[in-house]
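Trainee: One letter stands for each residue in the lines below.
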Amino acid sequence: MAEVSVTKGLIKGVVKLTVLLTVGFVCLFLFGKILSAPTEDGYRFFPMLGSRVWVWIIAQLHLNFAAFVLGVPIFAVSMEFLSWRRTDDRLDRIAYDFTKLFTLAYTLTAIAGTVLMVSLPLLYPKFMGHLMDILGPTWWLYIVVMYGEVLVCYYYFYSWHQMKDKKGVHVAIGVLLNFMGLTMLLITSSWVGYMTTPGGVSETGALINRWAAIKTYMWIPLSLHRLVANVVFGAGIAAAYAAYRFITSETDEDRAYYDWMGYTSAMISIGFSLILPGIGYLLGVEIYAYNEQMGIQLMGGFFAWLWVMQAILIGAILMFVNYYLWISLNKMPGGERYFKYVKFLFIIMLLGYTVWLTPHSVALSLEEARRIGAYHPILGNLGVMAAKNTAVVISYLATFLSFAIFKMSNKEPVVPWAKAGNAIRIILVLGSSVAMLGIGVYSYMVTSAVRVKVLSPIQFGIFFVTIIALFILDNMMYKNAKIIGEPRWGKMPERSQYALIGITVTFTWLMAMMGYMRSGGRQYWHVYGIMKDTSPDAYLPTHGYAAIVCSTVTVLFFLFIGLLFWSIMKLEKAQAAKGGAKA
Amino acid sequence: MLKIYPVLAAVGLLISIVSVIRKSSFFNFLGILILLFGLLKSAGLFIPPFPGQVITMYMAMSIFSFLIYFSIQEETFQAFLEPMRAVLGDEDKKILRVLIVFIALPLLTGFITYTKVVPVYEPPVSARIVHPEPPSQMEFRGKTINVIGLENPLRKDTANFAKNVEDGKKIYYQNCFYCHGDDLDGKGHLAQAYNPLPLPFRGGDTIAQLPESFVFWRVSKGWRGLPAGSGPWNSSMPSFEDFLTEEEVWKVSMFIYEATGNKPRT
Numbered sequence: 001m002a003e004v005s006v007t008k009g010l011i012k013g014v015v016k017l018t019v020l021l022t023v024g025f026v027c028l029f030l031f032g033k034i035l036s037a038p039t040e041d042g043y044r045f046f047p048m049l050g051s052r053v054w055v056w057i058i059a060q061l062h063l064n065f066a067a068f069v070l071g072v073p074i075f076a077v078s079m080e081f082l083s084w085r086r087t088d089d090r091l092d093r094i095a096y097d098f099t100k101l102f103t104l105a106y107t108l109t110a111i112a113g114t115v116l117m118v119s120l121p122l123l124y125p126k127f128m129g130h131l132m133d134i135l136g137p138t139w140w141l142y143i144v145v146m147y148g149e150v151l152v153c154y155y156y157f158y159s160w161h162q163m164k165d166k167k168g169v170h171v172a173i174g175v176l177l178n179f180m181g182l183t184m185l186l187i188t189s190s191w192v193g194y195m196t197t198p199g200g201v202s203e204t205g206a207l208i209n210r211w212a213a214i215k216t217y218m219w220i221p222l223s224l225h226r227l228v229a230n231v232v233f234g235a236g237i238a239a240a241y242a243a244y245r246f247i248t249s250e251t252d253e254d255r256a257y258y259d260w261m262g263y264t265s266a267m268i269s270i271g272f273s274l275i276l277p278g279i280g281y282l283l284g285v286e287i288y289a290y291n292e293q294m295g296i297q298l299m300g301g302f303f304a305w306l307w308v309m310q311a312i313l314i315g316a317i318l319m320f321v322n323y324y325l326w327i328s329l330n331k332m333p334g335g336e337r338y339f340k341y342v343k344f345l346f347i348i349m350l351l352g353y354t355v356w357l358t359p360h361s362v363a364l365s366l367e368e369a370r371r372i373g374a375y376h377p378i379l380g381n382l383g384v385m386a387a388k389n390t391a392v393v394i395s396y397l398a399t400f401l402s403f404a405i406f407k408m409s410n411k412e413p414v415v416p417w418a419k420a421g422n423a424i425r426i427i428l429v430l431g432s433s434v435a436m437l438g439i440g441v442y443s444y445m446v447t448s449a450v451r452v453k454v455l456s457p458i459q460f461g462i463f464f465v466t467i468i469a470l471f472i473l474d475n476m477m478y479k480n481a482k483i484i485g486e487p488r489w490g491k492m493p494e495r496s497q498y499a500l501i502g503i504t505v506t507f508t509w510l511m512a513m514m515g516y517m518r519s520g521g522r523q524y525w526h527v528y529g530i531m532k533d534t535s536p537d538a539y540l541p542t543h544g545y546a547a548i549v550c551s552t553v554t555v556l557f558f559l560f561i562g563l564l565f566w567s568i569m570k571l572e573k574a575q576a577a578k579g580g581a582k583a
Numbered sequence: 584m585l586k587i588y589p590v591l592a593a594v595g596l597l598i599s600i601v602s603v604i605r606k607s608s609f610f611n612f613l614g615i616l617i618l619l620f621g622l623l624k625s626a627g628l629f630i631p632p633f634p635g636q637v638i639t640m641y642m643a644m645s646i647f648s649f650l651i652y653f654s655i656q657e658e659t660f661q662a663f664l665e666p667m668r669a670v671l672g673d674e675d676k677k678i679l680r681v682l683i684v685f686i687a688l689p690l691l692t693g694f695i696t697y698t699k700v701v702p703v704y705e706p707p708v709s710a711r712i713v714h715p716e717p718p719s720q721m722e723f724r725g726k727t728i729n730v731i732g733l734e735n736p737l738r739k740d741t742a743n744f745a746k747n748v749e750d751g752k753k754i755y756y757q758n759c760f761y762c763h764g765d766d767l768d769g770k771g772h773l774a775q776a777y778n779p780l781p782l783p784f785r786g787g788d789t790i791a792q793l794p795e796s797f798v799f800w801r802v803s804k805g806w807r808g809l810p811a812g813s814g815p816w817n818s819s820m821p822s823f824e825d826f827l828t829e830e831e832v833w834k835v836s837m838f839i840y841e842a843t844g845n846k847p848r849t
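If you read the protein sequences in the order shown, they are chains R and G. For the first sequence, this note's numbering assigns the number 1 to the initial residue and increments by one for each residue that follows. For the second sequence, this note's numbering assigns the number 584 to the initial residue and increments by one for each residue that follows.
Same shape as in the complex, but just chain R:
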């Protein structure tokens, strides 16, 4: 693939996109003629699955790929920048590998996007007509930016080797690529924002102010949330790719490289995930500010149970991350000294997980309901925000400590104040834990306004201040530290790699479920409060049914991702064979 010249690569990209767009428009035209006219209220029906489920699956698949191709370039460029400044070939290789991944994934993203582009106007002509009336210009801008992004992306990839002596310019092209990706994200978020928290239109849906229709309550918080989640997700997929390559590697050198790639990607993913709850909180606040009814529906009403599922999944992700870090101690010379601490971290994680997944309202049989009453004395107290926030911050702190232990496990500090430094570390960890627990207990005794607006931010603030302080302290203490031995990259049991795959699969499922909740918050409205959904699908499915659809999307996505990984490996083998034949 990389043998192709830059011009040919660019032509390839433009041709692919043009063909797909042309196919899309031709399909729209032909199906529009062939299919029967829409119903009076503007619907056609997709056979077997129904229109809603079909669009749901395709949209989520498209969104998963889009998240990947928008997220991965951010840290591919960051890695390239670091490799340029530090002249580290390993960083350059990882950046190139990431670029290879997202360049190939563009095609799958565009295919899913084309299917969606055909499906929506055919199945929901009235609704799409309304969206075009209100936000039509943004759609045309989207196509222009998409062409620009494909051109820049293909140029970035195909010029990699040619521009190895002009790294600064190449990094700048990467930055431009990310800028275009961000623009696309802002455009698509404005569509979802309008559907959920519409503005700029009259009560009957007539356009009053287009900019107000773009700049809705949800627009920026959703864009921010998606941006960070894309990095988390993209890094997760890269970690899964590294794990897959590790498992299938035939040489120690490859295993060492993919072990390092998996570790780097996973840490980027988890590092960025630390800020997701805060941005999610901001998104929630904006939804409440727009419409309290929708806020309650999402947080405490019909969707309350899905938050329990979210807790189960995030708890599983944190367990996988810690497991990966704990098992990584095996490859660190001197790492065995720290296994004695792992059991304590495990107990903290287990207790945190227990509190986090405890539901406030539970599914009860009649007999259980009779015996328990309205709320169980223990579950009723563990299932509320005061307990859950405390569990989350303590679990995150334990995860950070697992990371810190891994990082310093092969080193010994040589600074004269090492003992004092250790004492400060203990004081910081214990002090902040006691403070966070204390605030958690106190949260039960105050009004919800104080809990939400004052105590919760303080709890999260203490957590962030603590990890920043620990990070600075460790950096100072371990500067010029004695190295017991270099990490034995590649000397990891295969099961550790399944933890990386587990993180990514769980995150993908979580994305599907949270996307469903965000969309379901509109209930029986296409555009909330403006345009009613009058189709036979204008009801919320049961959680079980929604879970099946989310699982189907996740399985389909990983089938395609598996195909992508397989084609990369096949290309590499073909190139290696070609190189061997030439030699």
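You may find that some hints are simply not true.
Said to hold, decoys possible - When the alpha-carbon atoms are kept at most 27 Å apart in a straight line, the in silico DSSO-like pairs for lysine-lysine are as follows:
#, chain 1, residue 1, chain 2, residue 2
1, G, K753, G, K726
2, G, K739, R, K453
3, R, K388, G, K739
4, R, K419, R, K340
5, R, K419, R, K16
6, R, K16, R, K453
7, R, K164, R, K573
8, G, K699, G, K624
9, G, K606, R, K491
10, G, K739, G, K606
11, R, K453, G, K726
12, R, K340, R, K407
13, R, K33, R, K16
14, G, K606, R, K343
15, R, K340, G, K606
16, G, K726, R, K532
17, R, K411, R, K343
18, R, K343, G, K624
19, G, K624, R, K388
Keep in mind that the hints were calculated from the coordinates and are not lab data. Note that this is a predicted model, so its numbers are computed, not measured.
Since chain R is already given, all that's left is putting chain G on it; use the hints.
Mentor: Just chain G now, kept in the frame of chain R:
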């Protein structure tokens, strides 16, 4: 039946202790799970029992987490796999293999299947929604009221605060206490006739979590006003707009907050 569970927990603890001494992580794993299950079930001796659904969640989480724990170090992980490998592969364990693989496991699977499919004569388990979302607007005896941002107008009349609470108390005892109870604990005379049981107002997890506008809407509209989007609902709450004036609803709201020491969410 409940008295068996402490014994089960003790057996689990014993298995776990012996396994630690003999360095058998597999049996330690089993011992811990039995101990946890026994403890969760035994809780019913002292407090209302944990619901089956929550015990299932805790046990699934424990299996996942302890599998992780016992596979961190290579030596422990190999020790964990050892009994399974031995039963499945060792020549001298043929009888044990037949007993476990061909008799015990199929019997266990059959038993679990039986318990899942055997007909029961209880109503299905219901996942209750605690906070139905109020509408942005509501009609109260023909008057349109904006629910969002709605505040209790009587709270501004600080001079008559005690009187209004006292009035609310009378209204409560004339209308609400039959179900919600003399002590506002959801244990009124008629409470046991309903499923789900009427909500208690004491504690920090019912009215303390709600803005007063929600309480006003819920009392006024009752089950008839519950949102269509999240149906079907299971509620017997009457629509008190049929019996009370707007002011009376606010008064009773003030009383239930005051009597329970709670404050409306702001």
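Trainee: The structure should be examined with respect to each hint, and the outcome stated for every one.
Mentor: Evaluated hints:
1. A C-alpha spacing of about 25 Å is found between K753/G and K726/G, which places the hinted pair at or below 27 Å, so the restraint holds.
2. Taken as a hint, the K739/G and K453/R pair is honoured in the structure, with Cα atoms around 24 Å apart against an allowance of 27 Å.
3. Distance restraint check for K388/R and K739/G: the Cα-Cα separation of roughly 35 Å exceeds the 27 Å cut-off, and the hinted pair is therefore not satisfied.
4. For the proposed pair K419/R and K340/R, the alpha carbon gap of about 19 Å is at most 27 Å, so the pair holds.
5. Straight-line distance between C-alpha atoms of K419/R and K16/R comes to about 62 Å, which puts the hinted pair past the 27 Å bound.
6. A distance of roughly 50 Å separates the Cα atoms of K16/R and K453/R; the hinted pair therefore is violated under the 27 Å criterion.
7. Among the hinted pairs, K164/R with K573/R is consistent with the structure: their alpha-carbon atoms are about 23 Å apart, no more than 27 Å.
8. The hinted pair formed by K699/G and K624/G meets the criterion: a straight-line CA distance of about 19 Å does not exceed 27 Å.
9. Among the hinted pairs, K606/G with K491/R is consistent with the structure: their alpha-carbon atoms are about 25 Å apart, no more than 27 Å.
10. Between the alpha carbons of K739/G and K606/G the distance comes to roughly 70 Å, so the proposed pair goes past 27 Å and is violated.
11. Of the supplied pair hints, the one linking K453/R and K726/G is violated, its CA atoms being roughly 34 Å apart against a limit of 27 Å.
12. Note on K340/R and K407/R: the hinted pairing holds, with a Cα-Cα distance of about 16 Å set against a maximum of 27 Å.
13. Restraint check for K33/R and K16/R: the C-alpha separation of about 26 Å stays at or below 27 Å, so the hint holds.
14. The hinted pair formed by K606/G and K343/R meets the criterion: a straight-line CA distance of about 16 Å does not exceed 27 Å.
15. Proximity of K340/R to K606/G is assessed by CA-CA distance (about 16 Å); at most 27 Å being required, the pair is judged to hold.
16. Distance check on the hinted pair: K726/G and K532/R sit about 25 Å apart at the alpha-carbon level, within 27 Å; holds.
17. Distance restraint check for K411/R and K343/R: the Cα-Cα separation of roughly 21 Å lies within the 27 Å cut-off, and the hinted pair is therefore satisfied.
18. Only pairs whose Cα atoms come within 27 Å are accepted, and K343/R paired with K624/G is accepted, the gap being roughly 26 Å.
19. Taken as a hint, the K624/G and K388/R pair is honoured in the structure, with Cα atoms around 23 Å apart against an allowance of 27 Å.
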